[in-house]
Structures are given as structure tokens and as C-alpha cells.
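Colleague: So the chains spell out like this:
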Amino acid sequence: MLWGWPSMLGKRRKSSDMTEAEMLKAPERYAPAPSRFECVTRGGWASLGASVIGPSHESDSLVRQDEFAHNIVGDLYVAAIADGMGSAAFAQVGAATCCRHVVARIKEALGLASSARAIDPAASVRMDKDAEPIPWARVIAQAILEVRAKLQPTHGKINGVTRPLFDTTLVGVVASPESGFFFHVGDGCGVAVAAPEPGTFGDIVISPPENGEFSNVTFPITMDGFEKHLRITPFSRANLIFLMTDGVTPFSLESDERTLRPRFLQPIDAHLAGVRSAKGAEKLRDTLNSADLRQSEGDDKTLVWARRRP
Amino acid sequence: MSIEVDGKINREERLPCVLIVDGSDSMSANSDNAGRAIDLLNQALVVFQQDLQSDEIASLRVQVLVVRVGGIADVAADWADAINFAAPTIALGGGTPLGAGIDLALSKIDQQLDMLKAKGIKRKKPWIFLMTDGQPTDGQEWEDAAARLRQAQLDGKVLAFPIAIGSGSSPQELKKAVPPERPVVQVEAAKFKEMFKFISYSSRSASKGPEGAQQDMGMWGKVVA
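Those protein sequence lines, which keep their order, are chains Y and X. Numbering-wise (the numbering used here), the first sequence opens with residue 40 and increments by one. Numbering-wise (the numbering used here), the second sequence opens with residue 181 and increments by one.
Take the hints with a grain of salt, since some may be wrong.
Below are the DSSO-like pairs computed for lysine-lysine, each with C-alpha atoms no more than 30 Å apart in a straight line [unchecked claim]:
1) Y/LYS318 with X/LYS402
2) X/LYS402 with X/LYS337
3) Y/LYS267 with X/LYS299
Computed Cβ-Cβ distance ranges for the label pairs, DEER-style [as the list claims (entries may be wrong)]:
4) X/GLY336 with Y/GLY337: 57 to 63 Å
5) X/GLY273 with Y/GLU293: 27 to 33 Å
6) Y/GLY337 with X/PRO359: 36 to 42 Å
7) X/ASN264 with Y/ASP263: 38 to 44 Å
8) Y/ALA70 with X/SER287: 56 to 62 Å
9) Y/GLY313 with X/ASP258: 33 to 39 Å
10) X/GLN230 with Y/GLU97: 51 to 57 Å
11) X/ASP254 with Y/ALA70: 38 to 44 Å
12) Y/GLU97 with X/ALA405: 56 to 62 Å
13) X/GLN230 with Y/GLY83: 24 to 30 Å
14) Y/ARG302 with X/SER208: 49 to 55 Å
15) X/LYS299 with Y/SER55: 39 to 45 Å
16) X/PRO359 with Y/ILE197: 49 to 55 Å
17) X/LEU293 with Y/ALA162: 40 to 46 Å
Computed, partial: chain Y to chain X, Cβ under 10 Å [claimed, not checked]:
18) SER275
19) ASN278
20) PRO289
21) ILE307
22) ALA330
Since the hints were derived computationally from the structure, they do not count as laboratory data. Even for Gly, the Cβ is constructed at its ideal location relative to N, Cα and C.
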């Protein structure tokens with residue numbers, strides 16, 4: 040509505056409301072809210088996401104550098120989270136641009152997909168109405184290449200020192216009622232579960248973090264040769280999905296980073312399955328901001344929960 | 181209000197502790213009418229687990245790895261915080277490739293220290309308990325590995341505790357794996373439970389105290405080399 044548009048009222052818009060073009064033009068001005076939560080429900084899916092700034096970023100006067108995006112097209116679900124790396128000057132811009140663009144491009148492809156029942160990463164889909172079908176893995180790589188094109192130049196001088204500007208990791212998912220896959224560059228984690236009963240987990244597929252020699256070294260989508268680190272992990276018959284950044288993985292995964300810790304994701308699922316609304320997403324945010332989690336882990340924390348009704 | 185979850189991560193300073201245990205054929209021998217040495221060892225490992233887990237703080241600080249030597253050297257129980265440690269059942273079979281066991285232990289320690297460092301978790305100097313009832317059977321590999329373990333101690337990287345089981349063991353061989361001032365202790369298999377309680381007690385104390393803190397070995401063994 041025209042009258043409600045802040046600029047028409049002479050008010051300066053919050054930096055957290057900047058458009059992508061504005062954000063990329065003046066990345067130093069973009070400051071996302073310290074936390075956000077969001078709920079999307081459509082068809083059988085409910086997707087609740089929350090992202091909060093970590094206490095160590097607060098004490099360093101930094102902004103939240105995690106972001107998430109999610110959408111539902113008919114019976115198909117797409118979501119992505121991105122963790123802007125602390126070494127990058129405008130990591131929050133990299134993270135926001137990355138997950139929003141990737142989700143938007145996959146949403147377009149899902150709208151053109153021929154099957155709404157099964158997602159096979161080896162199958163081909165069109166990214167645009169007039170484009171030739173290409174395999175899903177190439178769709179993902181192409182979407183990332185488009186993000187990289189937006190995030191140029193990759194390095195710049197900040198206070199006389201050359202630094203990376205937009206480095207970010209990415210974990211995403213594309214899912215149908217019958218199958219799906221994770222796409223993943225760097226750390227963070229994706230978990231797909233067959234869980235007809237809320238809070239009770241059956242078969243589990245994990246897309247684990249990929250770190251360098253040390254766990255605080257990982258691989259951003261902005262690095263040369265990112266394709267070598269793009270991992271596609273298929274799953275089937277999962278009706279419950281989690282995506283999380285590395286601020287949440289220590290609570291979700293055992294130290295082997297291949298198995299789930301008890302009493303973290305299960306109670307979250309048991310609670311959110313009964314809510315499926317913005318109130319649930321708000322509670323998810325409060326959980327990520329709880330004293331125990333803040334004291335145990337200083338990093339930003341982002342978690343997306345999605346569940347499909349049978 | 182938040183959802184009730186387990187939001188506490190164990191960031192306690194760790195004491196990595198490796199048990200290299202003997203599963204070779206000779207462990208089938210009876211010990212002082214108390215039963216087969218291998219059975220006594222397996223019972224003692226359970227006592228070790230229970231004793232460690234009875235200590236709320238140590239169960240979060242002590243990390244345990246069990247390496248079995250018997251025919252080959254393999255991991256019988258991979259690294260776990262004591263609170264999650266499950267005593268393995270050591271199977272019988274084969275010779276005593278103690279050198280391969282040492283190399284496996286040193287390699288697993290390196291990996292674990294890297295992991296702890298990467299996670300920003302402090303740690304104490306790792307401990308290695310080296311136990312055998314016989315002679316190492318891997319010849320030059322033993323000699324080389326023993327030298328590596330001795331050097332690792334001289335470099336301050338690990339602490340090793342060689343334990344010779346029964347009268348058929350060779351303390352002088354085990355002595356090759358430690359600096360001159362560090363003793364080799366002999367124990368009868370019948371005293372395994374007391375020994376593992378001692379190991380548990382020592383690691384519990386060391387996990388809370390200064391590096392290298394040790395307790396009196398009491399009644400379970402004697403210094404032989």
C-alpha cells in the first residue's frame with residue numbers, strides 16, 4: 040500500500056530492510072536485525088526458521104552474519120542457510136545474498152519441474168522457462184555461480200588491509216513428499232529424518248560439516264574451485280528436515296559430526312510439530328537465544344525446521 | 181520461554197587416556213586360580229568404566245581409547261568421554277604386535293589432540309597404559325615404536341605407564357618404551373580390578389589436578405624395572 044511505504048512518509052528505512060541491490064551497492068550499511076524468525080506453511084509442509092546473533096559477535100560489536108531463506112512450491116520444499124565467515128568484511132551481505140538467491144532460483148526450477156512427487160538429484164530440470172533441462176547438481180552449481188557473480192569483487196581493502204568481503208558457507212535442501220537432497224558447501228549441517236511421530240526419529244540422513252585441518256577453517260562458496268566442495272546428499276522418505284549453521288551443530292551432533300546428540304533436535308521437533316506457526320518460530324528463536332546455548336557457544340545460530348504432514 | 185533441550189556442551193579440559201591391552205593367545209592362561217587372564221581383563225574394564233563414571237567431574241574430563249593387540253593392533257573402543265565410554269570385550273587371538281599398538285595409539289592421540297585444538301578445548305598431557313603378559317612379537321617394528329614412544333615422553337608429549345602382566349612377561353622389553361627414570365610395574369592378572377581402579381583413580385585425580393599427578397599404586401603391583 041502506497042501510504043505505508045516508509046520512504047513516502049519521509050522515514051529512513053532500516054538497514055535490515057535494504058533490497059539486494061542496495062545491500063550490494065553499500066554493503067557497509069547493511070546491518071541485519073540481531074535476530075529474526077519466520078514461518079512458511081503451504082500444502083503439507085510447515086517450515087519454521089530462526090536466526091540469532093551470538094554473544095561473541097555481540098561483544099565484538101559485529102552484526103549477525105547468519106541468514107536463512109525457505110519456500111514451498113505446491114508439495115515441494117526448498118530452503119537454505121548461509122553462515123557468513125567472520126574473516127569477511129561484509130559476511131552478512133554474502134550470507135543474505137547467497138541463501139536468498141539460491142532459494143529463489145530453485146523455486147523457479149521447482150515451478151517448472153515435471154514431477155511433484157519425487158526429487159532425484161540425477162534428474163534434469165529447467166532453470167528458466169526457455170532453458171534446456173540440466174541435472175539438479177548443475178542447477179545448484181549454476182545458482183551458486185550467479186551468487187558469486189553478484190558478490191564481486193571478492194576482496195577489497197578495508198582500513199588499508201586486503202580482506203575477503205563476502206565469504207559464506209551454504210547448506211540447502213530440495214525436498215518432495217517422496218525424496219530430496221541436500222546441497223552443501225562448507226560447515227553447518229543438514230539432517231533428513233523419517234519421523235511419522237513427532238520427536239521420534241527413524242532413518243536419518245546427515246549432510247555433515249566439511250572443515251579444513253581445523254574445525255574453524257572451512258570452505259566458502261566464494262573460493263576458487265568451490266565445485267570440489269559442493270556435496271549433494273540424496274535422501275528418500277524423509278518427512279522432517281533440519282538445516283543448521285555451525286553455531287548449532289555442536290548441540291545437534293556428537294563430536295564425530297556423523298551422529299545426532301540426544302535431547303536436542305528431538306524435543307525441538309516434538310514441540311514445533313504441535314505449533315506449525317509463527318509462534319513456534321518465535322519459540323525456536325528464544326531457544327537459540329537461551330542461556331545454556333549462549334554460554335556454550337559464542338557463534339551466531341541459525342536453525343530451520345520443516346515437517347511435512349503424511 | 182524456550183523449548184527444553186540439552187543445550188550444554190562439554191567444554192571441560194580433557195585428559196586423553198589410552199589403554200593398550202593384550203588380547204594375544206597367552207592371555208588364555210589361568211591366573212592364581214582366579215580364572216583366565218582375558219576374562220579378568222574384561223571384568224576389570226567394566227570396573228574401570230563404572231569407577232570413572234561414578235565421578236561426575238572426571239566423567240566429563242577423562243577421555244578413553246582402548247587399543248587391542250592380538251594378532252593385529254586395532255581399536256577396541258574409540259575415543260569417548262568417560263561418561264559415554266562403554267567397556268569393550270577384548271577378544272583372544274594371535275601374537276603380541278605391541279609396536280603396532282603403540283603406533284596406533286600415537287596416531288589416534290595426534291588425531292584427538294587436533295580435534296580438541298580445533299574445537300578450542302584445553303587438554304592435559306595424554307596418558308598411555310601399555311600392558312602385556314608376554315614379549316612383543318613384531319620385532320623391529322616394536323623396537324622402532326618403543327623408541328618413538330620413549331622420545332615422545334622425552335619431548336613432553338605423552339606420559340606412558342608400562343605394565344608387565346604375570347611372571348611370563350618381560351619388563352626389560354617394556355623398559356625400552358620409557359625414559360630411564362620411569363618404572364615398569366608388574367601385576368598379576370588376579371589383581372586387574374585393583375589395577376584398573378588405580379588407573380581410574382589416578383586419571384580422575386589428574387583430570388582435576390596438575391599435570392602428571394599420580395597416586396600410590398598400593399597393593400596391586402610392584403616396580404620391577
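Colleague: Each of the hints needs a verdict: does it hold here or not?
Modeller: Quick rundown of the hints versus the structure:
Only pairs whose Cα atoms come within 30 Å are accepted, and Y/LYS318 paired with X/LYS402 is rejected, the gap being roughly 66 Å. Taken as a hint, the X/LYS402 and X/LYS337 pair is honoured in the structure, with Cα atoms around 26 Å apart against an allowance of 30 Å. A hinted pair counts as satisfied when its Cα atoms are at most 30 Å apart, and Y/LYS267 with X/LYS299 qualifies at roughly 25 Å. For X/GLY336 and Y/GLY337, the hinted distance range of 57 to 63 Å is not satisfied, since their beta carbons lie about 31 Å from each other.
Distance hint for X/GLY273 and Y/GLU293: a CB-CB separation of about 31 Å, consistent with the stated range 27 to 33 Å. Between Y/GLY337 and X/PRO359 the Cβ separation comes to about 41 Å, which falls inside the hinted range of 36 to 42 Å. Look at X/ASN264 against Y/ASP263: about 40 Å separates their beta carbons, and that is inside 38 to 44 Å. Between Y/ALA70 and X/SER287, the C-beta spacing of about 47 Å breaks the proposed range 56 to 62 Å.
One distance hint, 33 to 39 Å for the beta-carbon pair Y/GLY313 and X/ASP258, holds here, with the actual separation near 38 Å. Between X/GLN230 and Y/GLU97 the CB atoms are about 43 Å apart, so this pair departs from the stated range of 51 to 57 Å. One distance hint, 38 to 44 Å for the beta-carbon pair X/ASP254 and Y/ALA70, is violated here, with the actual separation near 54 Å. At about 58 Å, the CB distance of Y/GLU97 to X/ALA405 agrees with the hint of 56 to 62 Å.
For the pair X/GLN230 and Y/GLY83, the supplied restraint of 24 to 30 Å is violated, since their beta-carbon distance comes to about 48 Å. At about 43 Å, the beta-carbon gap between Y/ARG302 and X/SER208 misses the expected band of 49 to 55 Å. Between X/LYS299 and Y/SER55 the C-beta distance comes to about 32 Å, which lies outside the given range of 39 to 45 Å. Separation of X/PRO359 from Y/ILE197 is about 52 Å and conforms to the stated range, judged on CB atoms against 49 to 55 Å.
For the pair X/LEU293 and Y/ALA162, the beta carbons lie near 45 Å from each other, so the given range of 40 to 46 Å is met. The beta carbon of Y/SER275 is not positioned within 10 Å of any beta carbon in chain X (closest approach about 28 Å), and the interface hint is therefore violated. At its closest, the beta carbon of Y/ASN278 sits 20 Å from a beta carbon of chain X; the interface hint therefore is violated under the 10 Å criterion. Residue-level restraint check for Y/PRO289 holds (minimum Cβ-Cβ distance to chain X is 5 Å; threshold 10 Å).
At its closest, the beta carbon of Y/ILE307 sits 6 Å from a beta carbon of chain X; the interface hint therefore holds under the 10 Å criterion. With 10 Å as the threshold, the beta carbon of Y/ALA330 comes within range of chain X, its nearest partner Cβ sitting at about 8 Å, so the hint holds.
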